[in-house]
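**Student:** Protein sequence lines, in the order shown, are assigned to chains A, B, C and D. If you're matching positions, the first sequence starts at 18 in the working numbering and goes up one per residue. If you're matching positions, the second sequence starts at 18 in the working numbering and goes up one per residue. If you're matching positions, the third sequence starts at 18 in the working numbering and goes up one per residue. If you're matching positions, the fourth sequence starts at 18 in the working numbering and goes up one per residue.
In case anyone wonders, no lab produced these hints; they're calculated from the structure. Nothing here was measured: the structure is a model prediction, and the numbers come from that model. Be aware that one or more of the hints could be misleading.
Where chain A lies over chain C, by a calculated footprint (3+ residues, C-beta under 8 Å) [as the list claims (entries may be wrong)]:
#1 28 to 34
#2 37 to 51
#3 153 to 166
#4 255 to 264
Below, computed lysine-lysine pairings styled on BS3-like, alpha-carbon distance capped at 30 Å [said to hold, decoys possible]:
#5 C:Lys319 - C:Lys132
#6 D:Lys318 - C:Lys274
#7 B:Lys132 - C:Lys274
#8 C:Lys309 - D:Lys274
#9 C:Lys196 - C:Lys309
We treat Cβ as the ideally placed atom computed from N, Cα and C, and that holds for glycine.
Here is how the chains run, residue by residue.
Protein chains: 4
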Amino acid sequence: MSSSFGKNLKVTIFGESHGPAIGCVLEGFPAGFAPDMDKVTAFMQRRASRGQAGATARSEEDLPEVLSGLFEGKTCGTPIAAVIRNNNTQSQDYANLNVCPRPGHADLTWNAKTKGANDYRGGGHASGRLTAPMCFAGALAKQYLESQGVAVNASICSIKDHQISDNQDEFGLDEEARKIIEEAQKAGDSVGGIIECAITGLPMGLGSPIFDGVENKLSQAIFGIPAVKGIEFGSGFSGTKLMGSQNNDAFAYKNGKPVTKTNNAGGILGGITNGMPVTFRVAVKPTPSIAKEQQTVDLDKKKDASLEIKGRHDACIVPRALPVVEAVAALVALDLLLD
Amino acid sequence: MSSSFGKNLKVTIFGESHGPAIGCVLEGFPAGFAPDMDKVTAFMQRRASRGQAGATARSEEDLPEVLSGLFEGKTCGTPIAAVIRNNNTQSQDYANLNVCPRPGHADLTWNAKTKGANDYRGGGHASGRLTAPMCFAGALAKQYLESQGVAVNASICSIKDHQISDNQDEFGLDEEARKIIEEAQKAGDSVGGIIECAITGLPMGLGSPIFDGVENKLSQAIFGIPAVKGIEFGSGFSGTKLMGSQNNDAFAYKNGKPVTKTNNAGGILGGITNGMPVTFRVAVKPTPSIAKEQQTVDLDKKKDASLEIKGRHDACIVPRALPVVEAVAALVALDLLLD
Amino acid sequence: MSSSFGKNLKVTIFGESHGPAIGCVLEGFPAGFAPDMDKVTAFMQRRASRGQAGATARSEEDLPEVLSGLFEGKTCGTPIAAVIRNNNTQSQDYANLNVCPRPGHADLTWNAKTKGANDYRGGGHASGRLTAPMCFAGALAKQYLESQGVAVNASICSIKDHQISDNQDEFGLDEEARKIIEEAQKAGDSVGGIIECAITGLPMGLGSPIFDGVENKLSQAIFGIPAVKGIEFGSGFSGTKLMGSQNNDAFAYKNGKPVTKTNNAGGILGGITNGMPVTFRVAVKPTPSIAKEQQTVDLDKKKDASLEIKGRHDACIVPRALPVVEAVAALVALDLLLD
Amino acid sequence: MSSSFGKNLKVTIFGESHGPAIGCVLEGFPAGFAPDMDKVTAFMQRRASRGQAGATARSEEDLPEVLSGLFEGKTCGTPIAAVIRNNNTQSQDYANLNVCPRPGHADLTWNAKTKGANDYRGGGHASGRLTAPMCFAGALAKQYLESQGVAVNASICSIKDHQISDNQDEFGLDEEARKIIEEAQKAGDSVGGIIECAITGLPMGLGSPIFDGVENKLSQAIFGIPAVKGIEFGSGFSGTKLMGSQNNDAFAYKNGKPVTKTNNAGGILGGITNGMPVTFRVAVKPTPSIAKEQQTVDLDKKKDASLEIKGRHDACIVPRALPVVEAVAALVALDLLLD
């Protein structure tokens with residue numbers, strides 16, 4: 018039972034949604050780097066609820082306190098620990114989730130795993146709130162990567178069955194997408210979507226064979242984001258519909274270096290970077306918390322029951338998941354770069 | 018640089034396609050289990066080339082020799098090492114792959130990673146041949162799981178853009194699929210497809226939070242299979258097109274236990290098994306080795322070049338990948354079960 | 018670069034002596050256990066400076082704040098994070114340790130490792146202060162072990178060349194030992210000693226072969242305690258002076274179970290527990306911080322220099338290291354027990 | 018249950034004393050290195066039984082076959098697997114060790130751990146024979162280290178209570194030591210001793226804080242050598258008898274670099290190398306296999322029993338353990354260097 022990952026850069030996430038605090042520890046971050054804390058805060062704000070279409074009314078400042086690993090404004094080579102207090106909790110909303118688990122949530126499975134000892138309030142450790150420390154850690158990683166010429170950028174491909182056009186707002190949505198989300202919200206329902214991410218600037222030759230390559234590491238980490246149910250690299254699932262001669266990326270010299278003319282491989286061949294952008298797409302399921310009445314079970318009475326979820330929820334988590342995907346991708350990219 | 022995975026059950030794969038041998042070491046396998054070696058051989062035969070549509074003409078017996086970990090026919094609690102000799106190699110076919118790397122293969126990236134020291138013959142360590150020891154290890158895991166009431170079964174969903182019908186041959190193909198593969202082969206080209214896998218019989222409560230859950234572990238391992246470029250659990254990417262009220266799996270009591278009425282979650286909630294079948298789909302790209310002329314680079318002359326791949330290849334690797342997906346899924350399932 | 022250990026129970030330590038806080042994260046602790054927090058505090062008090070012969074005048078309450086992993090007074094199966102604030106720091110005492118490193122301390126090596134970015138104040142992350150969160154984590158582990166019939170107890174064998182008699186005070190010292198320490202303190206010098214520890218109640222059969230056995234795991238963790246420079250199990254170094262017939266522990270049945278008549282093996286055969294107490298001895302070097310003038314180097318001027326260490330130090334760390342050895346041993350024992 | 022260690026360089030050992038073969042897999046060895054296989058063989062011969070005082074009459078060539086990881090005489094960046102066949106086994110000598118376990122051996126604990134499924138013949142996986150693949154792996158590591166200016170050398174400090182003089186034979190013994198061993202052998206008994214090892218040429222700044230430093234890693238690995246029961250670094254246990262002012266190593270500039278005038282720290286401060294030789298001493302217990310009658314238990318009849326061990330054994334394992342200590346130290350040193 019563990020909430021950590023990474024080899025050279027280890028990330029450990031702790032905390033429950035309605036406990037005293039959430040936070041993270043980052044081991045292996047390079048020493049001597051001076052992070053811009055205003056940029057860290059700005060990055061974390063991209064994840065916070067602040068008027069995105071369909072975002073929860075739970076508003077927290079979510080400012081992390083750094084407890085260790087920084088000295089005179091620079092990383093000092095030791096574990097970086099940061100905590101974020103939980104201030105704006107309304108735990109009474111979640112009073113009976115260990116009796117009547119919410120469909121699509123981890124209430125039932127955590128109950129089973131811990132034999133009922135889990136902190137069920139707000140989903141506990143499985144809450145989307147745990148993505149805040151991921152973003153803190155990822156913000157540091159992103160800044161360090163930028164200093165090495167590596168960029169990580171994600172965008173929304175689709176909301177429900179709608180492909181996002183170029184005319185996006187600051188949250189990555191277009192008009193039609195906002196409309197879809199708002200209608201879902203009015204209906205007491207929710208929608209999901211697909212996020213695309215690209216890591217550019219990684220040199221050729223990073224990664225390891227077979228079980229420890231770039232796809233392996235990225236997928237292991239990205240599935241750590243709640244609500245993610247699929248990942249594909251390069252042409253991915255649609256690549257299975259192509260002929261080999263179409264899907265193969267032809268090589269050619271460009272500026273004295275071998276590159277590929279297309280990037281169906283998503284920048285990864287045999288688990289190892291080929292110098293092209295590492296690209297992947299992530300399936301984010303519709304938020305399981307919906308206002309509509311749902312069918313569940315009553316674990317005390319051992320019979321079927323119905324449930325109306327109170328509390329504050331996102332009708333669509335995709336815009337807020339955008340920086341989280343970037344954050345986790347940045348952490349993996351830095352781990353690879355440190356090898 | 019590592020070719021291993023697993024926590025309680027560790028799997029290490031070694032070998033190059035045209036070196037003396039390939040093999041694996043399995044650490045943590047439960048002691049006292051008597052594997053049926055005929056069934057192991059039969060399982061490995063499912064992966065071997067033996068007349069599937071489009072399969073390579075390279076035919077090897079691929080019988081593993083078990084060097085350790087078995088005593089009087091039973092596992093004795095120590096690392097199980099097995100080797101498979103490489104007998105039927107035609108290395109001359111691959112003479113210049115470190116000069117003119119094959120598109121879609123790992124020739125170029127391994128060359129970069131090892132500064133030219135890689136064994137490029139037949140793809141070396143990145144060859145699909147390395148899936149033979151995966152199948153050996155997975156066959157043992159499958160048998161043990163069966164003794165615990167856990168089954169792992171994969172089937173082909175699609176070849177290229179064709180959905181497989183129920184009328185399948187022993188390799189999981191239908192008539193139309195065989196036709197698509199044969200036409201690709203004739204054209205000197207290749208096709209891919211999608212494989213679906215289900216693990217049934219796992220109890221509720223297996224897995225860990227956030228970065229160490231069932232999706233994380235399965236995806237990390239499954240991307241260890243060459244040519245896999247995507248994975249999705251339950252409703253996956255298509256689930257992003259549903260409303261939350263459609264995608265959530267309602268709970269209900271059945272035979273005194275809480276179950277879900279649908280399985281869009283693929284048996285996993287919050288990274289933890291919910292007692293339903295663990296289901297996932299895997300995107301297998303079209304085999305990158307094709308007979309058609311392709312554009313590549315000449316790394317010696319530092320200029321563009323063209324390439325016609327000789328050697329023996331599969332016009333479609335999907336039928337042979339079927340048992341490999343089962344094998345790797347079984348290894349992960351056993352690792353989870355041992356927690 | 019990592020400050021963690023453990024497989025089933027992972028312990029991560031963070032913090033610098035003069036930073037905002039120190040703390041730990043414990044992953045994998047069994048769910049549903051209700052720790053007695055008064056006993057945790059009492060255990061941590063054994064480590065605190067409180068009038069032991071030769072203990073530092075730096076006095077901190079060192080009360081940990083638990084941020085996660087506890088719910089309604091019980092462990093809830095998620096990472097347990099705890100922080101201890103650094104309140105009583107006198108950082109000016111350490112102003113130039115990155116220029117003139119203290120002999121016997123990690124100032125120079127951390128400076129080299131981090132290219133000067135280390136937080137040198139009070140030894141930073143290498144400070145003995147980091148044993149406080151170890152004691153917090155170990156206190157939880159000890160309580161859980163007690164509930165399973167496993168006890169961990171350490172005692173002082175010797176201070177300098179004096180063997181401790183049975184007539185010990187609450188800190189494990191006898192009159193002569195106190196005298197030795199006080200004389201060292203008056204002389205501006207320091208002394209070390211040897212600690213013995215026994216883990217009783219572990220069942221036969223715990224541990225793994227070769228590199229992952231009980232001695233491997235215990236030694237790896239115990240050397241995490243600052244100032245530890247040696248460890249021996251059972252008869253250890255003195256066992257090398259015995260004949261095999263003397264050092265071998267004869268087996269015999271007792272109460273229906275095979276036991277050994279002696280315990281020169283320290284409860285471990287082939288890396289695996291044999292049901293007898295696991296016993297080991299730990300060498301604790303004399304505290305490197307001494308008031309006497311010492312020879313060092315000036316890294317700025319690149320020449321030899323002399324140094325008088327100010328600040329508050331322990332003339333003998335052994336009594337305060339006693340609970341730390343118990344804590345770390347308990348963490349390893351619990352990790353083993355959870356396998 | 019695992020027989021592996023290492024982070025950047027992973028070593029996995031497999032095999033049983035009387036099974037088909039023993040061997041190892043080395044992951045992460047740098048690519049492009051051309052090992053001198055004659056030197057590898059010569060190093061392994063130092064471990065083989067070949068007329069050392071008191072060595073076993075079991076004589077095997079122990080020539081490893083390299084199955085992977087080498088291409089055209091150079092490492093190719095993939096796992097290096099090597100196997101050594103077991104040819105000269107006399108398994109009948111060990112027929113009843115799972116019924117009447119040998120004192121001082123792992124027979125009983127492995128029996129308990131595996132519920133009787135262990136391969137007890139010759140100690141199975143716990144046999145000293147498993148040090149042969151350690152030596153193969155270590156020989157490669159030593160050669161690579163030498164190419165980087167790092168040397169690893171061990172010598173015998175003492176046999177039983179006798180300090181070895183400078184007048185040593187090729188096995189590290191002096192006349193008195195040979196006499197002690199021969200007398201033990203005649204008496205059907207055995208003796209142990211202490212080995213000292215030094216790693217020279219490592220740069221300052223290698224290692225990690227707290228649980229992942231040089232002492233932690235070396236001790237974890239060295240206890241993987243059968244019969245090792247203690248380890249101490251630098252002045253170790255005897256350092257506890259010194260005053261701090263004596264045990265601290267004064268710094269001084271030499272050839273423009275800060276060095277220490279003494280090396281009581283064994284080259285390690287705060288878990289990190291300080292550029293001085295890394296020195297440690299290892300306690301090797303008297304061989305548990307002795308011809309003298311010993312008291313054991315009969316696990317079938319559940320009563321006390323006596324045992325006379327047949328088979329071929331070493332009256333003193335220390336000379337043959339010498340290269341094993343070097344091998345394991347070299348593996349750890351290379352792992353550190355690759356960080």
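**Student:** Confirm or reject each hint.
**Tutor:** For each hint, the structure was consulted:
| no. | hint | in the structure |
| --- | --- | --- |
| 1 | 28 to 34 | holds (count 5) |
| 2 | 37 to 51 | holds (count 9) |
| 3 | 153 to 166 | violated (count 0) |
| 4 | 255 to 264 | violated (count 0) |
| 5 | C:Lys319 - C:Lys132 | holds, 16 Å |
| 6 | D:Lys318 - C:Lys274 | holds, 12 Å |
| 7 | B:Lys132 - C:Lys274 | violated, 59 Å |
| 8 | C:Lys309 - D:Lys274 | holds, 24 Å |
| 9 | C:Lys196 - C:Lys309 | holds, 19 Å |
In summary, the numbered hints that this structure violates are 3, 4 and 7.
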